[in-house]
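Student: Protein sequence lines, in the order shown, are assigned to chains A and B.
The numbers in the first sequence follow my numbering, run straight up by one, and end at 421.
The numbers in the second sequence follow my numbering, run straight up by one, and end at 421.
Check each hint, because a few of them may be wrong.
Note that identical chains are pooled: a pair holds if it fits in a single copy or bridges any two copies.
As the list claims (entries may be wrong) - Subject to a maximum C-alpha distance of 25 Å in a straight line, what follows is the list of computed DMTMM-like cross-link-like pairs (lysine to aspartate or glutamate):
{"#": "1", "residue 1": "K152", "residue 2": "D343"}
{"#": "2", "residue 1": "K238", "residue 2": "E415"}
{"#": "3", "residue 1": "K360", "residue 2": "E344"}
{"#": "4", "residue 1": "K360", "residue 2": "D343"}
{"#": "5", "residue 1": "K238", "residue 2": "E260"}
{"#": "6", "residue 1": "K152", "residue 2": "E415"}
{"#": "7", "residue 1": "K152", "residue 2": "E406"}
{"#": "8", "residue 1": "K152", "residue 2": "E218"}
{"#": "9", "residue 1": "K360", "residue 2": "D63"}
{"#": "10", "residue 1": "K360", "residue 2": "E125"}
These are calculated hints, taken from the structure and not from any lab test.
There are 2 protein chains.
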Amino acid sequence: MLVWELDTPALVVDLDIMEQNLRRAAEYAAAHDLRLRPHTKTHKSPELAQRQLALGAAGLTVAKVGEAEVMLGAGPADLLLAYPVIGAAKLRRLVKVARSARVTVALDSLTTATELSDAARDAAVSLGVLAEVDVGVGRVGVTPGRELRDLVRGLASLPGLEFEGIAFYPGHIRRLDEAGMKALDVLDRLVHSIVADLRRDGFEAPIVSGGSTPALYHSHRVTAMNEIRPGTYIFNDRNTAACGACDASDCAAFVLATVVSTARPGQIIIDGGSKTFSSDRLAGAGDEAGYGLVLEDPRAVFVKMNEEHGFVDVRACDTHFRIGDRVRVIPNHVCTAVNLHETMYGIRGEEVVAEWRVEARGKLQ
Amino acid sequence: MLVWELDTPALVVDLDIMEQNLRRAAEYAAAHDLRLRPHTKTHKSPELAQRQLALGAAGLTVAKVGEAEVMLGAGPADLLLAYPVIGAAKLRRLVKVARSARVTVALDSLTTATELSDAARDAAVSLGVLAEVDVGVGRVGVTPGRELRDLVRGLASLPGLEFEGIAFYPGHIRRLDEAGMKALDVLDRLVHSIVADLRRDGFEAPIVSGGSTPALYHSHRVTAMNEIRPGTYIFNDRNTAACGACDASDCAAFVLATVVSTARPGQIIIDGGSKTFSSDRLAGAGDEAGYGLVLEDPRAVFVKMNEEHGFVDVRACDTHFRIGDRVRVIPNHVCTAVNLHETMYGIRGEEVVAEWRVEARGKLQ
């Protein structure tokens, strides 16, 4: 079947581009002696996680217990749950996962750690823990210094838990311009001093885990970091391209859509809106930046969305779009787009050669 | 089980409020002799569609063929597909649906109508059609006047199709302030003249279908309209309340979430972000309006979301939130939120008494 014969809207992955993205990151990580523990939130598919493992990934990262359960299907030796696990229901499921793979949890409070320790002890399993540190995003994570020391001391004393090091998310570093490079220098010094402080207090941090897609290929500049957890790099998206971390031609995933109305002059309506792409705007930009990149004509502007309607301004286009025409659109944020689809299709050239269920889709718990 | 014992994030529906919303709309429609053909995109559940039919709904509205297939589960006599159906794959499925229920399609081009006519003839079924008119939203729909006349004339001549009238979506009328009431007057005159023009050309429009949730209880002011298709009214949401069409206490659906981090002073992180609520901002407002209404403390501001993290500013709150605390959040846009959940829970008071699968979730095609 050719890609143009797929019913729409459909999420399509160009395998050549995806494999190039996967290889490049794997080779970079190997060259710089970085453990690569890719975040599976982007593809949400055990089949694609398997490819990451086959290329040398040290393990997989997930955000929710439900994702961990699904990702066991990829047969990882090691799973990092980069999210605080709260409550008895989730802990029961987590310790069950820990019978099939080594499980490590990144967390930022002794409340969370104590619950986790109790669950591990009751189930007679051992769980790894990473102390989550805030390095500037202001999301989760304790402040470096006294707060971190208290957390690490507590973690080291709790039965059933093994202190494995620290985790952080440098999501504030997006664009690697002069300011971004300076922020990377600051991060380098900060992480260095965090590790040195812990050592002075008698704690070794075998794992120093950070990394995101935008700064992926600058990870070696954060010299004390030895593990990276990028997610988006497998596909890339309009956000990744907009921050200069890849070209549009490195974006492996697109939504195939159909023109369903041309009733308004200068506008086409495509059969995908916020239920197909997500409402995510271009990071750091306003509505005027639009909701995706239309590959058929770069002068088409994806200006607005309703749930099932994509509004594309075609006034500046040479292309004359007609009802039934197919268009390929690179989403702003591919992770939230993948979460909206039941299926992804893999293509080589124009040929559809793979079909994957998005198994970890909507695993909110 | 009590609602507080549900694992989180979970989508919860207060049945007393929902039933009141359903009854109120049914009684209003009956009192004003309006056919009520509710849009099922909001609840995406055949069980809830059944309740709408039991209260006198004349049929159900859907946007996609996949939703029509699911909604057959509610046993409707009549289904309106308020979306142009394009392409052989969808048409094959549509005519199959038409063997179990009367199917009507709203469309805005003869290209679409001709494909539909061919499919109906091949399958030996008859399909209803409504001519979609643009009344000011600028989305789909032909312009009233010559364009509409040409479309209706074409529809009436195509075999397998039965011209049933016109459809429009007055989504531009949201706030029923002075300007909104004026817009409603303009709409009243416009729809009146559309129907009169068609009659002059020899076409009766038995169905004049419009209506949305924000202007629901003013529908009788559009005197020529005899059918309404509200969707959101079953639950209402922060958008509905913000435009003055309901109170916060009329919002039946909320997301139950758990506080997972309090590491940053003045901020809590809850275990739901854009993957749980959708990234939809408050309609017509900026980011500063936030992403939902936190019922536990109205001074809490849901300022930001990542995929799994909800950032809530609690600096102005009296409540002291701790890790593990549950919070109830009314989403900005309940339709896109429901689409992200596999399950909805119904409660009476604090007791969980129902569990529905969101069967039409993610039916993009």
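Student: Hint by hint, where does the structure go against what was stated? Just the numbers, ascending.
Tutor: As far as the earlier hints go, 1, 2, 5, 7 and 10 are violated by this structure, in ascending order.
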